[in-house]
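S.K.: With the hints as extra help, turn the sequences into a complete structure.
The listed protein sequences derive, respectively, from chains C and W.
Residue numbers for the first sequence follow the numbering used here, so the first one is 1 and each next one is one higher.
Residue numbers for the second sequence follow the numbering used here, so the first one is 1001 and each next one is one higher.
A couple of the hints might just be wrong.
When the alpha-carbon atoms are kept at most 25 angstroms apart in a straight line, the in silico DSS-like pairs for lysine-lysine are as follows [to be verified]:
#1 Lys1053/W - Lys97/C
#2 Lys1005/W - Lys63/C
#3 Lys95/C - Lys1290/W
#4 Lys128/C - Lys183/C
#5 Lys164/C - Lys1005/W
#6 Lys1041/W - Lys1290/W
#7 Lys97/C - Lys1290/W
#8 Lys95/C - Lys183/C
#9 Lys164/C - Lys183/C
#10 Lys1005/W - Lys95/C
#11 Lys128/C - Lys69/C
#12 Lys1005/W - Lys183/C
#13 Lys128/C - Lys1041/W
#14 Lys1041/W - Lys1053/W
#15 Lys164/C - Lys1143/W
#16 Lys1005/W - Lys1152/W
#17 Lys1005/W - Lys49/C
#18 Lys49/C - Lys97/C
Since the hints were made in silico from the structure, they are not lab data.
Given the structure is predicted, the values throughout are model-derived calculations rather than measurements.
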Amino acid sequence: MNRSRSRYLIYIPLVLVTIFYLIPLYVMLVTGFKSFDEISLQTMWSLPKSGLHFDNFIEALSKLAPYFKNSIIMVVPAAIISSILGSLNGYILSKWKFPGADLIFPAILFGMFIPYQSILIPLVQFMKSINLYGGVGGLILAHVIYGIPITTLTFRNYYATIPKELLEAARIDGADIMGIYFKIMLPISLPSFVVVLIWQFTSAWNDFLFAVVLTGSQSWPVTVALNNMAGSQIIAWNVQMAGSFLAALPTLLIYIFLGNYFLRGLMAGALKG
Amino acid sequence: MRIDKDRLIGILLVSPSIIAVAIFIYGFIGWSGRVSLSAWKGLNPDYTWVGLKNYINLFSDPRFQVDIRNTVIFTVLFVAGALILGLILAILLDQDLRGESIFRTIFLFPMAISYIVTGVVWRWLMNPAQGERMSGFNILFDKLGLDFLINKWYTTPEWGIAFIAIPAIWQMSGYVMALYLSGLRAIPQELREAARVDGATEVQIYRHIILPLIRPITLSAMIILGHISLKVFDLIISTVGKQLQLDVPAIYMWQTTFDGHFFGRGAAISILLLLSVAVLVIPYLRYSLKTEESL
Chain C
1 MNRSRSRYLI YIPLVLVTIF YLIPLYVMLV TGFKSFDEIS LQTMWSLPKS GLHFDNFIEA
61 LSKLAPYFKN SIIMVVPAAI ISSILGSLNG YILSKWKFPG ADLIFPAILF GMFIPYQSIL
121 IPLVQFMKSI NLYGGVGGLI LAHVIYGIPI TTLTFRNYYA TIPKELLEAA RIDGADIMGI
181 YFKIMLPISL PSFVVVLIWQ FTSAWNDFLF AVVLTGSQSW PVTVALNNMA GSQIIAWNVQ
241 MAGSFLAALP TLLIYIFLGN YFLRGLMAGA LKG
Chain W
1001 MRIDKDRLIG ILLVSPSIIA VAIFIYGFIG WSGRVSLSAW KGLNPDYTWV GLKNYINLFS
1061 DPRFQVDIRN TVIFTVLFVA GALILGLILA ILLDQDLRGE SIFRTIFLFP MAISYIVTGV
1121 VWRWLMNPAQ GERMSGFNIL FDKLGLDFLI NKWYTTPEWG IAFIAIPAIW QMSGYVMALY
1181 LSGLRAIPQE LREAARVDGA TEVQIYRHII LPLIRPITLS AMIILGHISL KVFDLIISTV
1241 GKQLQLDVPA IYMWQTTFDG HFFGRGAAIS ILLLLSVAVL VIPYLRYSLK TEESL
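M.R.: Shown next as structure tokens:
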């Protein structure tokens, strides 16, 4: 009796915290869907009164469209290449350990945690020297290289759970190192590929530091463009809100539809958790 | 024989990544270290050796002192806030509730969003304007008759940085919740049942059985949040821009290097930042990898 009543009480704090979490989303949407005439700071919390309008989203999209394109051009190859590298590394570092492999793995992992400021000056000099500074290409390269630690970790942890006997059997059947990879490891690690691809997509899409340092105004991804838009006095705040929502939408959709894979990537980043 | 050949192929396959990490992480850290010991100022590289001068100057630099103070305040509030909220949410969701997955989805969604988006929205929510130009939470408090809550948010003198912890907690506490929840789920149900049979109350069960068991998660979460907090950059830039009041080392480094062209000083800040992160993360990595081996 007492227990079942207290069960309902649990919902009170949960609902309060839910409100806290949804407030930014509410404000973005409520503002985004109002007509230009209806926008005022006084009524920022009220629902749109004259139906749903898309003016703000259209305005924000027309301003951000080129930067969305840059983000997509940058994120897709970055995610794919770093996932492939991570898979190969994870395979070798878990199943084909060579002398020193157990020292190399933590050394790679540490790269996941460093503040990127500590490699930024050399990175800019390097990109300038190979003529990749200021464009999308340099940004892709940075995301691929600095993505290696997390992708390697996720795949290595996954491949480590695959029993040795499976590999031994394949080897007796005459498969070599690449045969085992393509016939056994790759097919069973497709879910891990989804996890890693999502993770890399999200972190490259959301990145700001590399983008703001390595790209010029022609090649800005959407995060940099949005930040500049928000900093300018010219663009109305309702358009900023609509723009924020649009910039968040791709990763938000991934989260909603592929939440479990997203969560697994999140947990992998915490090592043992 | 064939195994030797396979081994060689294996080494060849990982070597591009190992070389990339060796150069782009360790080589570049070394390079930054060298820059931090140089007089480099201006657009053209200048590697004139100045010893620890850049570091010594930093510690008497008032801006860097503000940075350290801000980092400490932000870290304490953010880590404590996210840990407490995350733990409470995990315990609440661990009660076998209806609608659990909906709550979990809502609490975790900020993790999928860029700090830039978070900052742009919270900049409006925490808009410090008062009177005629009031907006955000201030106008909400005004309309709800909660006038005493109206405040200056991130423009509060001395303590502005404390308010940045609010969006940071908003963004990260769901993650802490997920970490704790996976730990709670790993505790066998029999353990709780046995304690209940012995007459323990729910609160006692949590205090004496469950919380001690999930202590390693608290440690992991503290280290992960702590190192994020030391590196905080995007969130502050997008919420308030470059304001000296809310400056932190990561922003100082970026500004002094790429706007001011004080490369030597910027590199010194970045190396100090790296050392502070390393002190947290290296013992954690050793611990994680060791427990993994013993399994």
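S.K.: If a hint holds in the structure, say so; if it doesn't, say that too.
M.R.: Hints, verified against the model:
Pair hint Lys1053/W plus Lys97/C does not hold up; C-alpha atoms about 44 angstroms apart against a cutoff of 25 angstroms. With a CA separation close to 56 angstroms, the supplied pair Lys1005/W and Lys63/C exceeds the 25 angstroms bound. For the suggested pair Lys95/C and Lys1290/W, the alpha carbons sit about 19 angstroms apart, so the restraint of at most 25 angstroms is met. About 42 angstroms separates the Cα atoms of Lys128/C and Lys183/C, which puts this hinted pair outside 25 angstroms; it is violated.
Restraint check for Lys164/C and Lys1005/W: satisfied, since their Cα atoms lie roughly 19 angstroms apart, inside the 25 angstroms limit. The hinted pair formed by Lys1041/W and Lys1290/W fails the criterion: a straight-line CA distance of about 44 angstroms is larger than 25 angstroms. The suggested pairing of Lys97/C with Lys1290/W holds, with an alpha-carbon distance near 17 angstroms, which does not exceed 25 angstroms. Pair hint Lys95/C plus Lys183/C holds up; C-alpha atoms about 15 angstroms apart against a cutoff of 25 angstroms.
Distance restraint check for Lys164/C and Lys183/C: the Cα-Cα separation of roughly 15 angstroms lies within the 25 angstroms cut-off, and the hinted pair is therefore satisfied. A threshold of 25 angstroms between alpha carbons decides the hint, and for Lys1005/W with Lys95/C the separation of about 15 angstroms falls inside it, so the pair holds. The straight-line distance between the Cα atoms of Lys128/C and Lys69/C is roughly 24 angstroms, inside the 25 angstroms bound, and the hint therefore holds. Pair hint Lys1005/W plus Lys183/C holds up; C-alpha atoms about 19 angstroms apart against a cutoff of 25 angstroms.
Between Lys128/C and Lys1041/W the CA atoms are separated by roughly 18 angstroms; this keeps the pair inside 25 angstroms, and the hint holds. Between Lys1041/W and Lys1053/W, the direct Cα distance comes to roughly 13 angstroms. Compliance with the 25 angstroms bound is thereby established for this hinted pair. Proximity of Lys164/C to Lys1143/W is assessed by CA-CA distance (about 66 angstroms); at most 25 angstroms being required, the pair is judged violated. Of the supplied pair hints, the one linking Lys1005/W and Lys1152/W is violated, its CA atoms being roughly 68 angstroms apart against a limit of 25 angstroms.
As the CA atoms of Lys1005/W and Lys49/C are separated by approximately 72 angstroms, the hinted pair breaks the 25 angstroms bound. For a cut-off of 25 angstroms, the pair hint linking Lys49/C to Lys97/C is broken: about 65 angstroms separates their Cα positions.
In summary, the structure is inconsistent with hints 1, 2, 4, 6, 15, 16, 17 and 18 from the numbered list given earlier, while agreeing with the others.
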